[in-house]
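There are 2 protein chains.
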Amino acid sequence: MRAVIPYKKENAKSRLSPVLSREEREQFVEFMLKDVIWCLKEAGVKDIDILTTSKYDALYELGVNFVLDERDLNDSVNNYLKKTDQPVLIIMADVPLTRPKHIKEIISSEEDVVIVPGKGGGTNILFIRKPAGFHVCYYGMSFRNHCTIVKDMKQSLKIYDSFLLSTDIDEPQDIVEIILHGHGFSLKYALDKFELESGKARVKLVNHHEYKSNKGL
Amino acid sequence: MRAVIPYKKENAKSRLSPVLSREEREQFVEFMLKDVIWCLKEAGVKDIDILTTSKYDALYELGVNFVLDERDLNDSVNNYLKKTDQPVLIIMADVPLTRPKHIKEIISSEEDVVIVPGKGGGTNILFIRKPAGFHVCYYGMSFRNHCTIVKDMKQSLKIYDSFLLSTDIDEPQDIVEIILHGHGFSLKYALDKFELESGKARVKLVNHHEYKSNKGL
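Protein chains in written order, with this note's numbering: chain V, 721 to 937; chain E, 721 to 937.
Hints were generated in silico from the structure; no laboratory data involved. Please note that a few of the clues may not be correct.
Treat identical chains as interchangeable: a pair holds within one or across any two.
Below, in silico cross-link-like pairs of lysine to aspartate or glutamate (DMTMM-like), each with a Cα-Cα straight-line distance of 25 Å or less [as the list claims (entries may be wrong)]:
1) 821 / 881
2) 920 / 792
3) 850 / 890
4) 754 / 881
5) 761 / 805
6) 920 / 777
Just need the whole structure built from these sequences, with the hints factored in.
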């Protein structure tokens, strides 16, 4: 089997702009990617491809391959699938709460396809045993798209239910979950930048300055 | 064992006010509660207590008990725990994505305590084998509070990782998950009121009127 991680660094994660500068967002996505790569390796996944538009020197030391493709997410992943006859695990670069145990469970599932839903209709991980004839469709309600594709191909499907894996980091509030449930580089980065503030509702993310000011410090 | 569901109907779920009127929110929480009760019964839980400040006629037919307590969530649950010597499953009334399989897994866990984290630092389900000496602390980062309480009592702990159970319905965006992954009364209610709209980011909730207007219909 192979794992492929679609990855974009330049001006990544624009919805985090309210709390992180462009440079910080580019650092942060690299840390999240490193956590995902670490996790795959710990789970025994040896062949890891980074599907991207540029090579990144900082990742060479991690022993991953680069697959360069200028096209959009769907086209580049579909082209990748066409060229592969091994089982493929497609994992997003922004799911740093993933642990090795999750990966082990997913790749040892008996079903033809495993879909890990993300918050808000997304697909955070997709494991495809027989990539021939399979295609992805990440835009729109990709969770529904992928369920339909599997059904139309008459393949067996497992929906893998995990809070940690459902948490892709797109919006400031998502960083709360890294601080509460994360590990590795992304946890360290989040703790360097932010604090949590709690009341009766869901915990909120604030920076160190806001935290002190709210506490009257 | 017993299950206890803290429940408040009057002017419930104020953070859903942007999309539902007070009357609608009161209907909606009752539907979510009914889904949770159905789920417990399907999982074989026979003794179900609704911990609340008033009796609700519409629930009598479901064969549940009412435990009336005017105090706040922490005090009323802690008082309930003091009076019980059986294992207790505390489940929130606003987790309608719960399925019987989850409940069966949680109550058959070997650990002394099972905590099901909710989004944003919450605790959506808590299973306590030996309630003697245990206390809950739902305000603030209740997930962290409960982990600390278990550790201080030197009890064994399982953190149950589920996207469906982590989804408590507090904010309009949470209703998206009911439409995508829900069932029962709450799914029917959500579909009666809302549509999903998708682009490249997370799926958004809109009402039927907005949906038509956005589509130019």
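Legend entry - Homomeric proximity label, residue 920 with residue 777: Cα distance no greater than 25 Å: neither (45 Å within a copy, 29 Å between copies)
Inset, instruction - Up to 25 Å between alpha-carbons, please classify residue 920 paired with residue 792: within, between, both or neither. - result: Only across copies: residue 920 and residue 792 sit 12 Å apart there, 42 Å inside one copy, limit 25 Å.
Inset, instruction - Please work out whether the CA atoms of residue 821 and residue 881 approach to 25 Å or closer within one copy, between two copies, in both situations, or in neither? - result: both (13 Å within a copy, 12 Å between copies)
Inset, instruction - Evaluate residue 761 and residue 805 at a C-alpha cut-off of 25 Å and name the case that applies: within, between, both or neither. - result: Answer is within; shortest intra-copy Cα gap is 21 Å, inter-copy 46 Å.
Legend entry - Same-copy or cross-copy closeness of residue 850 to residue 890 [CA-CA at most 25 Å]: Neither. Shortest intra-copy (30 Å) and inter-copy (40 Å) distances fail the 25 Å Cα cut-off.
Inset, instruction - Could you figure out if residue 754 and residue 881 sit no more than 25 Å apart (CA to CA) within one copy, between two copies, both or neither? - result: Both: 23 Å inside a copy, 22 Å across copies.
Consistency with the previously given hints fails for numbers 3 and 6, ordered from lowest to highest.
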